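Engineer: Residue numbers (the numbering used here), protein chains in the order written: chain L, 1 to 546; chain X, 1 to 230.
Incorrect hints may appear among the rest.
Said to hold, decoys possible - Subject to a maximum C-alpha distance of 30 angstroms in a straight line, what follows is the list of computed BS3-like cross-link-like pairs (lysine-lysine):
(1) L:LYS159 / L:LYS76
(2) L:LYS258 / X:LYS13
(3) X:LYS13 / L:LYS111
(4) L:LYS111 / L:LYS45
(5) L:LYS458 / L:LYS426
(6) L:LYS137 / L:LYS76
Stated by the list, open to error - Now the stretches of chain X that chain L is said to cover, found in silico as 3 or more residues with beta-carbon under 8 angstroms:
(7) 106-112
(8) 127-141
(9) 195-205
(10) 222-230
Simulated from the structure, these hints should not be mistaken for lab results.
Here the structure is a predicted model, which is why all the values come from computation and not from measurement.
All residues carry an ideal CB built from backbone N, CA and C; glycine is no exception.
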Amino acid sequence: MDLRTKTGLLIDDMPEMRATVRIQLANAGLEKCDQARNIKEAIDKLSANRYDLIVCDYNLGYGADGQQFLELVRRKRLLPMSTAFLMITGETGYQQVSTAAEMCPDDYLLKPFTADTLSTRLQRILENKETLKTIYKQMGAGGDREKALAACNALLEQKTRYSLEVLRIKGEFLLALGRPDEALALYQEMLQQRATPWAEVGRALALMAKGKDDEAIKGLQQVLTAYPNYLAAYDSLAQLLGKTDKAAAQAVVERALKVSASTQRQRSLGSLALDNGDFGRAEEAFRVAVDRDRTGFFKSHDDYAGLARSYAEQGKTKEALAAAKDMGQNFPASPTLAARQAAVESQIHVRAGNRDAAAAALAKALAVQEKGGLDVNTSLEIAQACFAGGKPDEAKKIIQGVAEDHHENDQVLDRAHNVFAAAGFKDEGVEFLDMTYKRMVRLNNDAVSLAKAGDLDKAITMLAEAADRLHNNAQIAINAAQALLMRVQVQGMDLGLVTQAHRYLSQAYQANAEHPKLVGAIEFYKRVAPVQAPPLEFSSMHAIGP
Amino acid sequence: MDALVAAAIHDAKNELSALGVWIAEAQREFAALSPARSPALDRAMAIAATLSGQLVELLALYRSGEGSLRLAVEDHYLDDFLTDVMSESHQSLPTAEIGGDGAKVQVLTNFSATQEVGTWAFDAYLVKFALLDALRNAMRKARQRARLTFAAEPGGGIRFDVEDDGPGYPDDIMRGKRETEMSTSSSGLGLTFAQLIATRHATPAGRRGQLSLSNDGMSAGGARFSLTLP
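Could you build all of it, start to finish, from the sequences and the hints given here?
Structural biologist: Written out as structure tokens, the structure reads:
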């Protein structure tokens, strides 16, 4: 493979190291190579350009590391799967990078290395990207999972040397497509040939998807005795245990932190400790999360809110208020930030017995909430403040909105449950959220039945009302668009309706670009829409993993 | 005190890396003056690499004692891995090593079984050091030839064999009390390290790796180092 035709980005905070690697890259033929000194520069470069290859040092200074950076840019969709990512690490970094599994780099290289070694590794990963490009093209937003699966099968038939990698990706697609039986068969066949940690974790995830949580937990525990540093196994195990036993989940995250102390894991430790009433430990975890990351790219409002609550629950009002204030100083001002801060402060004041201050802060938060557009965590924080401030009806109204908007998202529903539980309404919360969920399912089913029975106008009215209200519910938006397109198909062209369908599909894409029904709906639109209708092109967007 | 020792080892390893960079630089300067490579610099490079490998091993043993040695077990393409091992061995082994018969030692390889096995899950970084050390040892003891072979184990598992045609392992290593004997022989560090790395590889089903030593290597009585991974 000719590196002279490729473009690269080199990320390293040490000037000497950057200069050395730059020369080694040029010697290997990669002459078109931009450089970034820190995460901000790297993100700017990735936003503006498309690269074939990223070479990134693990240690990026200011509490940032290459693994967290990789996870960040994949989540933000700044790094398509077709771009190769090579991590350069020292001896300790490589363990954390190579066992992250879910978002691991294509390869990692231990320092010191020669120009020859670097060149060999680059050739290998670019060859891999080239061979698997038919799959990568279909990965993530705008991609079609069915086509990706077909590409996997085609490559498996060709028996390339990358068959194993293809199997690994195929397993992930099968899980994402909700076909756990096939995924399980794939992993089990793999494991019959040999033991390997990714297939063990995949097997557990397939069992979990089949509802066999106990078997999955047992499997993951066995994985961890054989591979005690396999981070993906800890993450999956903590997630599973968290459903029923948050204390056990906390213990698992504690163990994972000893292997790799990412901001993300500190955060999940902190929030589990809060749920478990282990406020001292929660304080420590959130403290590390906010202090360690001096770049500000990895921490979130959640970390300061969690820290403030940990203090407040221990009666440390002064420290809690300071943490809430810090939140405001560490992020750019926005209505979301102001609402979150106010909701957090209100709860601190309730706890300290300052009724007036609590009421004033809550009023401020609710004023922002009224305008809409807040993210899940901020809305739930306000709901929590409502419960604390003696406004349970307001709290339920907010939670209902969140649950309707995200009725397909278990993680969001779990967080909503936690808000009820923290306020002492655990059972009522379960019932409330269950009813909300069923109502959404019924709405979708009723509308689909109406449409099938030919009453498209009634179906459209129902779905459009819901879609206009629930901007984050991809399924509702997709169904609304499909009902509109069906009407056009049956009753003749109406550009207004096509345009409305376009709006709902864009809304669905924003809400969940990877919704399994989205690709089919987009194709339907393309078949029905006339030339003068707004075009629907998402495939040019950056893609992320399955 | 122990932590101090670990820190000192770590620093020394980094200094050795820097030394390696300067030796490579000196080799480049030499190349500008002469068409041949400098054997003295090659030799110096090999010594730096040997020392550096020994420090990696020491550090791993130290961490194991502290309970903080962490293996990174992931899939690796075996052909790529062995290509890397051989290319590093060319950089770090004394290429001019003279065998017992007064001639340069020839290193043979047989990696044909990698094609069938393809990939395997193991800690490539640590296993590579174990193999490089074994190769270095074999070349030191060989009369004419040493060999690195890859094989699939019949009951599942993979095996790396390093053999030579030298006099074989001395009796004290072959006798049972390996731990204590190993630590007093000249190749003790490498063997202790290899043993540790082998046994730290495990599967969820409970199988473990192992190191076995025998004197049925190339020619009658030559040493054979077999590292099996589950």
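Engineer: Hints first: check each against the structure and report whether it holds.
Structural biologist: Hint check:
Annotation: proposed proximity of LYS159 of chain L to LYS76 of chain L is violated, straight-line Cα distance about 33 angstroms (limit 30 angstroms). For the proposed pair LYS258 of chain L and LYS13 of chain X, the alpha carbon gap of about 24 angstroms is at most 30 angstroms, so the pair holds. Between LYS13 of chain X and LYS111 of chain L, the direct Cα distance comes to roughly 11 angstroms. Compliance with the 30 angstroms bound is thereby established for this hinted pair. With a C-alpha separation of about 25 angstroms, the suggested pairing of LYS111 of chain L with LYS45 of chain L holds against the 30 angstroms cut-off.
The hinted pair formed by LYS458 of chain L and LYS426 of chain L fails the criterion: a straight-line CA distance of about 37 angstroms is larger than 30 angstroms. Taking the CA atoms of LYS137 of chain L and LYS76 of chain L, the gap is near 17 angstroms; set against the 30 angstroms cutoff, the hint holds. Coverage of the stretch 106-112 of chain X by chain L is violated. Counting CB-CB distances below 8 angstroms, 0 residues qualify, and the rule asks for three or more. Proximity of the stretch 127-141 of chain X to chain L, defined as three or more residues with a beta carbon under 8 angstroms from a beta carbon of that chain, is not established by the 0 residues found.
For the stretch 195-205 of chain X, the assignment as covered by chain L holds, since 4 residues bring a beta-carbon within under 8 angstroms of that chain's beta-carbons and 3 suffice. A stretch counts as covered by a chain when three or more of its residues have a beta carbon under 8 angstroms from one of that chain; for the stretch 222-230 of chain X and chain L the count is 1, and the coverage is violated.
In this structure, the hints that do not hold are numbers 1, 5, 7, 8, 10, in rising order.
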